[in-house]
Amino acid sequence: MADFLLNAWYAGARANELGEQFLARRLLDQPILFWRTANGDPVAMLDRCPHRFASLHTGRRVGDAVECLYHGLRFDAAGRCTRSPYSETPPANAVVPTFPVVEHQGMVWIWMGDAARADPALIPDHPHNVRADLRPIFGHETFSGNWQLGNDNLMELTHLFFLHTSTIGGYKPDAGPVEGEEYVVRQVGTQVHSHTGTPRVPNKAPIDMGVDPVAHPLIDRWNDIVWDMPSAMKFAMCATPAGGPRDVAPYMYQSHLITPETKCTSHYFWNVARTFELTPEGDAKYLHFFGNIFRTEDAPMIEDIQHNMGEADLWDLKPVVLPRDRGAVLVRRLVARALAAQAGAEAIAAE
Amino acid sequence: MADFLLNAWYAGARANELGEQFLARRLLDQPILFWRTANGDPVAMLDRCPHRFASLHTGRRVGDAVECLYHGLRFDAAGRCTRSPYSETPPANAVVPTFPVVEHQGMVWIWMGDAARADPALIPDHPHNVRADLRPIFGHETFSGNWQLGNDNLMELTHLFFLHTSTIGGYKPDAGPVEGEEYVVRQVGTQVHSHTGTPRVPNKAPIDMGVDPVAHPLIDRWNDIVWDMPSAMKFAMCATPAGGPRDVAPYMYQSHLITPETKCTSHYFWNVARTFELTPEGDAKYLHFFGNIFRTEDAPMIEDIQHNMGEADLWDLKPVVLPRDRGAVLVRRLVARALAAQAGAEAIAAE
Amino acid sequence: MADFLLNAWYAGARANELGEQFLARRLLDQPILFWRTANGDPVAMLDRCPHRFASLHTGRRVGDAVECLYHGLRFDAAGRCTRSPYSETPPANAVVPTFPVVEHQGMVWIWMGDAARADPALIPDHPHNVRADLRPIFGHETFSGNWQLGNDNLMELTHLFFLHTSTIGGYKPDAGPVEGEEYVVRQVGTQVHSHTGTPRVPNKAPIDMGVDPVAHPLIDRWNDIVWDMPSAMKFAMCATPAGGPRDVAPYMYQSHLITPETKCTSHYFWNVARTFELTPEGDAKYLHFFGNIFRTEDAPMIEDIQHNMGEADLWDLKPVVLPRDRGAVLVRRLVARALAAQAGAEAIAAE
Numbered sequence: 003m004a005d006f007l008l009n010a011w012y013a014g015a016r017a018n019e020l021g022e023q024f025l026a027r028r029l030l031d032q033p034i035l036f037w038r039t040a041n042g043d044p045v046a047m048l049d050r051c052p053h054r055f056a057s058l059h060t061g062r063r064v065g066d067a068v069e070c071l072y073h074g075l076r077f078d079a080a081g082r083c084t085r086s087p088y089s090e091t092p093p094a095n096a097v098v099p100t101f102p103v104v105e106h107q108g109m110v111w112i113w114m115g116d117a118a119r120a121d122p123a124l125i126p127d128h129p130h131n132v133r134a135d136l137r138p139i140f141g142h143e144t145f146s147g148n149w150q151l152g153n154d155n156l157m158e159l160t161h162l163f164f165l166h167t168s169t170i171g172g173y174k175p176d177a178g179p180v181e182g183e184e185y186v187v188r189q190v191g192t193q194v195h196s197h198t199g200t201p202r203v204p205n206k207a208p209i210d211m212g213v214d215p216v217a218h219p220l221i222d223r224w225n226d227i228v229w230d231m232p233s234a235m236k237f238a239m240c241a242t243p244a245g246g247p248r249d250v251a252p253y254m255y256q257s258h259l260i261t262p263e264t265k266c267t268s269h270y271f272w273n274v275a276r277t278f279e280l281t282p283e284g285d286a287k288y289l290h291f292f293g294n295i296f297r298t299e300d301a302p303m304i305e306d307i308q309h310n311m312g313e314a315d316l317w318d319l320k321p322v323v324l325p326r327d328r329g330a331v332l333v334r335r336l337v338a339r340a341l342a343a344q345a346g347a348e349a350i351a352a353e
Numbered sequence: 003m004a005d006f007l008l009n010a011w012y013a014g015a016r017a018n019e020l021g022e023q024f025l026a027r028r029l030l031d032q033p034i035l036f037w038r039t040a041n042g043d044p045v046a047m048l049d050r051c052p053h054r055f056a057s058l059h060t061g062r063r064v065g066d067a068v069e070c071l072y073h074g075l076r077f078d079a080a081g082r083c084t085r086s087p088y089s090e091t092p093p094a095n096a097v098v099p100t101f102p103v104v105e106h107q108g109m110v111w112i113w114m115g116d117a118a119r120a121d122p123a124l125i126p127d128h129p130h131n132v133r134a135d136l137r138p139i140f141g142h143e144t145f146s147g148n149w150q151l152g153n154d155n156l157m158e159l160t161h162l163f164f165l166h167t168s169t170i171g172g173y174k175p176d177a178g179p180v181e182g183e184e185y186v187v188r189q190v191g192t193q194v195h196s197h198t199g200t201p202r203v204p205n206k207a208p209i210d211m212g213v214d215p216v217a218h219p220l221i222d223r224w225n226d227i228v229w230d231m232p233s234a235m236k237f238a239m240c241a242t243p244a245g246g247p248r249d250v251a252p253y254m255y256q257s258h259l260i261t262p263e264t265k266c267t268s269h270y271f272w273n274v275a276r277t278f279e280l281t282p283e284g285d286a287k288y289l290h291f292f293g294n295i296f297r298t299e300d301a302p303m304i305e306d307i308q309h310n311m312g313e314a315d316l317w318d319l320k321p322v323v324l325p326r327d328r329g330a331v332l333v334r335r336l337v338a339r340a341l342a343a344q345a346g347a348e349a350i351a352a353e
Numbered sequence: 003m004a005d006f007l008l009n010a011w012y013a014g015a016r017a018n019e020l021g022e023q024f025l026a027r028r029l030l031d032q033p034i035l036f037w038r039t040a041n042g043d044p045v046a047m048l049d050r051c052p053h054r055f056a057s058l059h060t061g062r063r064v065g066d067a068v069e070c071l072y073h074g075l076r077f078d079a080a081g082r083c084t085r086s087p088y089s090e091t092p093p094a095n096a097v098v099p100t101f102p103v104v105e106h107q108g109m110v111w112i113w114m115g116d117a118a119r120a121d122p123a124l125i126p127d128h129p130h131n132v133r134a135d136l137r138p139i140f141g142h143e144t145f146s147g148n149w150q151l152g153n154d155n156l157m158e159l160t161h162l163f164f165l166h167t168s169t170i171g172g173y174k175p176d177a178g179p180v181e182g183e184e185y186v187v188r189q190v191g192t193q194v195h196s197h198t199g200t201p202r203v204p205n206k207a208p209i210d211m212g213v214d215p216v217a218h219p220l221i222d223r224w225n226d227i228v229w230d231m232p233s234a235m236k237f238a239m240c241a242t243p244a245g246g247p248r249d250v251a252p253y254m255y256q257s258h259l260i261t262p263e264t265k266c267t268s269h270y271f272w273n274v275a276r277t278f279e280l281t282p283e284g285d286a287k288y289l290h291f292f293g294n295i296f297r298t299e300d301a302p303m304i305e306d307i308q309h310n311m312g313e314a315d316l317w318d319l320k321p322v323v324l325p326r327d328r329g330a331v332l333v334r335r336l337v338a339r340a341l342a343a344q345a346g347a348e349a350i351a352a353e
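Protein chains in written order, with the numbering used here: chain A, 3 to 353; chain B, 3 to 353; chain C, 3 to 353.
Derived from the structure by calculation, the hints contain no laboratory data.
A couple of the hints might just be wrong.
Said to hold, decoys possible - Partial list, computed: chain B residues near chain C (C-beta under 10 Å):
| # | residue |
| --- | --- |
| 1 | THR160 |
| 2 | PHE163 |
| 3 | ALA177 |
| 4 | VAL186 |
| 5 | ALA301 |
| 6 | PRO302 |
| 7 | ASP306 |
| 8 | ASN310 |
| 9 | LYS320 |
| 10 | PRO321 |
| 11 | LEU324 |
| 12 | ASP327 |
What the hints assert, rightly or not - Subject to a maximum C-alpha distance of 30 Å in a straight line, what follows is the list of computed DSS-like cross-link-like pairs (lysine-lysine):
| # | chain 1 | residue 1 | chain 2 | residue 2 |
| --- | --- | --- | --- | --- |
| 13 | C | LYS174 | C | LYS206 |
| 14 | C | LYS265 | C | LYS320 |
| 15 | C | LYS287 | C | LYS206 |
| 16 | C | LYS320 | B | LYS320 |
| 17 | C | LYS320 | B | LYS265 |
| 18 | B | LYS287 | B | LYS174 |
| 19 | B | LYS174 | B | LYS206 |
| 20 | A | LYS265 | A | LYS320 |
| 21 | B | LYS265 | B | LYS320 |
| 22 | A | LYS320 | B | LYS265 |
| 23 | A | LYS206 | A | LYS174 |
| 24 | B | LYS206 | B | LYS287 |
| 25 | C | LYS265 | C | LYS174 |
| 26 | C | LYS265 | A | LYS265 |
| 27 | B | LYS265 | A | LYS265 |
| 28 | C | LYS320 | A | LYS265 |
| 29 | A | LYS174 | A | LYS265 |
| 30 | A | LYS265 | A | LYS206 |
Glycine residues also receive a C-beta, built at the ideal position from the N, C-alpha and C atoms.
Let's have the full structure, built from the sequences with the hints guiding it.
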């Protein structure tokens, strides 16, 4: 069975990463070259010259073409060879594969499966990323673990109370259960919605939740996640005075977008739009704050687990399953079903 | 055929390594977590949470329990889950495997095979390690080589006269044969006893052998080794005035305890009890002296050989066999027979 | 199919590398120990003691013998064991394989196939390497790529105009075709001769081509390469006033000698004899100049390609083939045929 779902949109780059220069990045175990044409359109092509297989990103931009550094073949944004070193007609196989890309809500999305099925309407909607008033920030990390471990991490939020106690997760007086705690997981179409609510916790956090801690020493706090196949999560963090109505806007919206790099390494794009400290200094502060939590708390944990699991499938290892794993387990099952469907379709196509 | 003998006691740690903190160590290619309960009992358990496979050593001690850092499952010294994050009854498979451990003569011994067969009486007896009057010192090194290369190294002492000429082996006037030299190898039950004696060599050494070099410029020198399956060696180094009676106490007792880390890397615990320089400064001096000989002379040699042999079996490479290889060859044969017996027993059990 | 041609002479070392000390080098994926006997004859033997498989290069020279560091076995230049540690008669299998070696024109050549076929007359003739008046310099580099990528690189000189534009290749006004350009590839016996000529290019280069740039602002420039199986290339670089007669001596002769280290790493010996800056300072300058071009331009390119190709065969990847690939493709075909013949001979021998 393949390790990746091919017919899906993946976050390939932050829009602000693409400019004059080439960006080379491995996605779904393929080398991808990102660049923008003169009129600003993003381009994604295989980062490999079809002549002698040099990486194209070591070459040169010549107008809206890429020139290989080794023997000078040039390719346009559609991957067609436009010049061979001695001006002969390029052979028919002098073509670089390209991939559908769409710039959307601050991200560049790439489709690496059947291009005919690359419908931009399927890109997950994360409108907070274009809310200039909330100063969205865009981060990029990598981790040495299979992409599904990233899903597991975000869909099992109990880890906030153990792994993140010194940063963003220490808001319970004790790590155990709290009276009236809520945990609801639902499948909505192809999405998984996960709601966790913790009533009457102390109003303290390393970040501003928008509720006056003097007037309201106790708050209700909840987290709502919407997961889209295969690995895009939209996360709303909310707080309200204890017992107050819950129809408030979140104090923070987040995007968590995981893209396989190889079978056992992954990209992690994260975006945060917030309602507080809305200054350039705030941007820099929270870009460091959240990136640092991931790099020092989540990534080492995921990498340790990857090391311990090796290339085994999670279920083959017969993990203990706890009630709070429901979201992560549902996501795992939907992904497994989709991978099996893909394998079946490939088997039929191969007949 | 397996690479390790499972039903055997292995040195897992020096007793003085276990205290408040966790000690994580790979043994027989399994991750082991060592710790001590409040009353001082050593514990060895698999260093892996059965929930999501995080390494437990990254977690916290909570009384006599280990709490996983990721989602907070707690396990007692018997590996039973005593708390799940939301206080639900832990599932039946929420168990961490534990291993029999015995603290004995300054070492913590672990049994990783069938626990029912873990008889402490089988632990090799190295009483010099509790001779406080001889100030035993306890060292730990690792080397990138199969554990049997450690056996080979110690059971073929000719290498003293070539590899260790500038440290502890240069005691012959010439590296060749000496008149009256003795070499006796015997199997005694499941042990191998090896005796090498070199008469009338100059009384000089980098360490005190207890014979006055002015009164006795020539000495008889001999080394007696007792090997216990699979890789524990007790080594007595002796000297007497040339021609004198041999019923003297050794000037140095050593333990050499090899424990596989992986197929191609090993732990090497070594302990030395001596009759000279019996001061804390002497302890520090000889801890460095012997550790350094291993790190700069033995380990590079073993690692070079491992590199050259790759994963091949020694006999498949058709080595030249010399008369002085008798001890090492006998040990190799006993180990091979035990590994074959283990494989046979596993095959029968699997039927 | 094997990765290397066995019945061939390979450059194993520069003659000036062999002296008192051992030189250990991996060639054709075998560890080779080079040394010279007291009378100066080069020796090449397997760098592995047949007793316990220690690398012999960690041992000692004892007259015209090599003594293993571990247990002291000694071997003469023919690989015969001349001493065992206890003076017993060495066992019949106490032999180290040796290889035919010939010192020729500043290089030490080794034959690692059937010794009976090691005819010194087959060593390629590169007489410029003994032209003391041209101060030949001898360089050695390594690269992480299959040896055939080294052939490809040198037999496809279009790369001068793209990869080497800032060093030795920027002599065309534009990287494209030039009127009257010549490209002739011929097979001559088992050799491949490649001629590339570029008329009327500006007389400028980072090195002296022997044509006065004031009197002759335009020159004709050509490069002639002779390739010998499997990977020895002799390269003459020539220049003459534009339209002048071509019967001039080259301003530079080069040897490019590639020897496989492993399947995916290679040695690259290069020698340059020149007609200018004939001083010790010039030697040092050009030893750096050419070594640096290889290390910073060619080697990274070859290593990138090796990474992209993995262990795939070039033709299986269906490369685009351009007219200027003719020399490289002809060489690839001759090598493939020779490898296939070798595999066939081995299959017959194995019957």
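Right, here's what the structure says about each hint:
1. THR160: It holds, given that the least Cβ distance between THR160 (chain B) and chain C is near 5 Å, below 10 Å.
2. PHE163: holds (7 Å)
3. ALA177: holds (6 Å)
4. VAL186: Cβ of VAL186 (chain B) sits 14 Å from chain C, so the hint is violated.
5. ALA301: violated (13 Å)
6. PRO302: holds (8 Å)
7. ASP306: Hint on ASP306 (chain B): holds, closest Cβ of chain C at ~5 Å, below 10 Å.
8. ASN310: Holds. Min distance 5 Å.
9. LYS320: Given a least distance of 7 Å, the restraint on LYS320 (chain B) holds.
10. PRO321: Where the cut-off is 10 Å and the nearest Cβ of chain C is about 6 Å from PRO321 (chain B), the hint holds.
11. LEU324: holds (6 Å)
12. ASP327: With a closest approach of 8 Å, the ASP327 (chain B) hint holds.
13. C:LYS174 <-> C:LYS206: holds (10 Å)
14. C:LYS265 <-> C:LYS320: holds (21 Å)
15. C:LYS287 <-> C:LYS206: Since the Cα atoms of LYS287 (chain C) and LYS206 (chain C) sit roughly 19 Å apart, the hinted pair holds (cutoff 30 Å).
16. C:LYS320 <-> B:LYS320: violated (44 Å)
17. C:LYS320 <-> B:LYS265: violated (40 Å)
18. B:LYS287 <-> B:LYS174: Distance of about 24 Å is within 30 Å: holds.
19. B:LYS174 <-> B:LYS206: At roughly 10 Å apart (the allowed maximum being 30 Å), LYS206 (chain B) and LYS174 (chain B) satisfy the hint.
20. A:LYS265 <-> A:LYS320: With a Cα-Cα distance of about 21 Å, the restraint between LYS265 (chain A) and LYS320 (chain A) holds, given a limit of 30 Å.
21. B:LYS265 <-> B:LYS320: Satisfied, since the Cα-Cα distance of roughly 21 Å is no more than 30 Å.
22. A:LYS320 <-> B:LYS265: Holds, at about 26 Å.
23. A:LYS206 <-> A:LYS174: Holds: LYS206 (chain A) and LYS174 (chain A) sit about 10 Å apart, inside 30 Å.
24. B:LYS206 <-> B:LYS287: holds (19 Å)
25. C:LYS265 <-> C:LYS174: Violated, at roughly 36 Å.
26. C:LYS265 <-> A:LYS265: holds (25 Å)
27. B:LYS265 <-> A:LYS265: holds (25 Å)
28. C:LYS320 <-> A:LYS265: holds (26 Å)
29. A:LYS174 <-> A:LYS265: Distance of about 36 Å is beyond 30 Å: violated.
30. A:LYS265 <-> A:LYS206: The given pair, whose Cα atoms are some 40 Å apart, is violated under the 30 Å limit.
When the structure is compared with the earlier hints, violations turn up for hints 4, 5, 16, 17, 25, 29, 30 and for no others.
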